[in-house]
Amino acid sequence: MKIGQVVKADDRINALFGRSSATFLNRGCSQANIMNKMVGLVGCVVCLAIGYVAGREHAKSEMRREANAALQRSEAAAAENLKVAEKSAKKGACINHLRQIDGAKEQWALEKRRKAGDAVEAADISPYLVRDAIPVCPAGGQYSLGNIGQLPTCSENGHALGAL
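Position in the sequence shown counted from 1, then plus 269, gives you the working numbering.
Hint data in this document are derived by calculation from the structure and do not stem from the laboratory. As the structure is a prediction and not an experimental result, all values here were calculated from the model. Hints may contain errors.
[Stated by the list, open to error] The calculated lysine to any residue pairs, modelled on SDA-like cross-linking and capped at a C-alpha distance of 25 Å, are: (1) Lys352 - Ala339; (2) Lys352 - Ala338; (3) Lys359 - Asp371; (4) Lys356 - Ser343; (5) Lys381 - Arg400.
[Claimed, not checked] Computed Cβ-Cβ distance ranges for the label pairs, DEER-style: (6) Ser424 - Arg333: 47 to 55 Å; (7) Glu355 - Ala429: 13 to 21 Å; (8) Ala429 - Pro396: 24 to 32 Å; (9) Lys356 - Gly386: 32 to 40 Å; (10) Gly418 - Val353: 30 to 38 Å.
We put the beta carbon where it would ideally sit given N, CA and C, even for glycine.
Based on the provided sequences and hints, a complete structural model is requested.
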């Protein structure tokens, strides 16, 4: 190596090691030794950069794994919430049907001058309901009309007037 080359590399050495090449030369280091140290240091920097990139890729894959796990947990919770919401909606619709049936019974009893305890048939109150028919429980329950003065009921558990 020429001294001119060392002078050109001096800035790089100073930046990497924090001292000039003259300091190394004064300590008995050869120019080749200085360049070997520089190459070793650059190699370490490259290794760190590769490790950083590999670490980023590992972090990205970990983040993907965590995101997928969180997505699966939220999907399971959403499915459970959907089941609960569907059950609640069916219960609410059933209770509204029971209200309609009760209202039709009362209207029929007033018009026909019936008293409490008189029996009611589906055909009696059908004209007072939407579509002239007894509604169907959305959850699959069966409605019992009951007598005048009694509330109609549903065979499904929890479906009753006053239960909402």
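Structure-based check of each hint:
1. For the suggested pair Lys352 and Ala339, the alpha carbons sit about 20 Å apart, so the restraint of at most 25 Å is met.
2. Of the supplied pair hints, the one linking Lys352 and Ala338 holds, its CA atoms being roughly 21 Å apart against a limit of 25 Å.
3. Proximity of Lys359 to Asp371 is assessed by CA-CA distance (about 18 Å); at most 25 Å being required, the pair is judged to hold.
4. For the given pair, Lys356 sits about 20 Å from Ser343 by alpha-carbon distance, which is consistent with the 25 Å threshold.
5. Restraint check: the Cα-Cα separation between Lys381 and Arg400 comes to about 21 Å, which is no more than 25 Å; the hinted pair holds.
6. A beta carbon spacing of about 49 Å between Ser424 and Arg333 agrees with the range 47 to 55 Å that was offered as a hint.
7. At roughly 19 Å, the beta-carbon separation of Glu355 and Ala429 lies within the given 13 to 21 Å, and the hint holds.
8. In this structure the hint that Ala429 and Pro396 lie 24 to 32 Å apart at CB holds, the actual value being about 25 Å.
9. Against the hinted window of 32 to 40 Å, the Cβ-Cβ separation of Lys356 and Gly386 comes to about 35 Å, which satisfies the hint.
10. The hinted range of 30 to 38 Å is satisfied by Gly418 and Val353, whose Cβ atoms lie roughly 35 Å apart.
Hint compliance for this structure: every hint is met.
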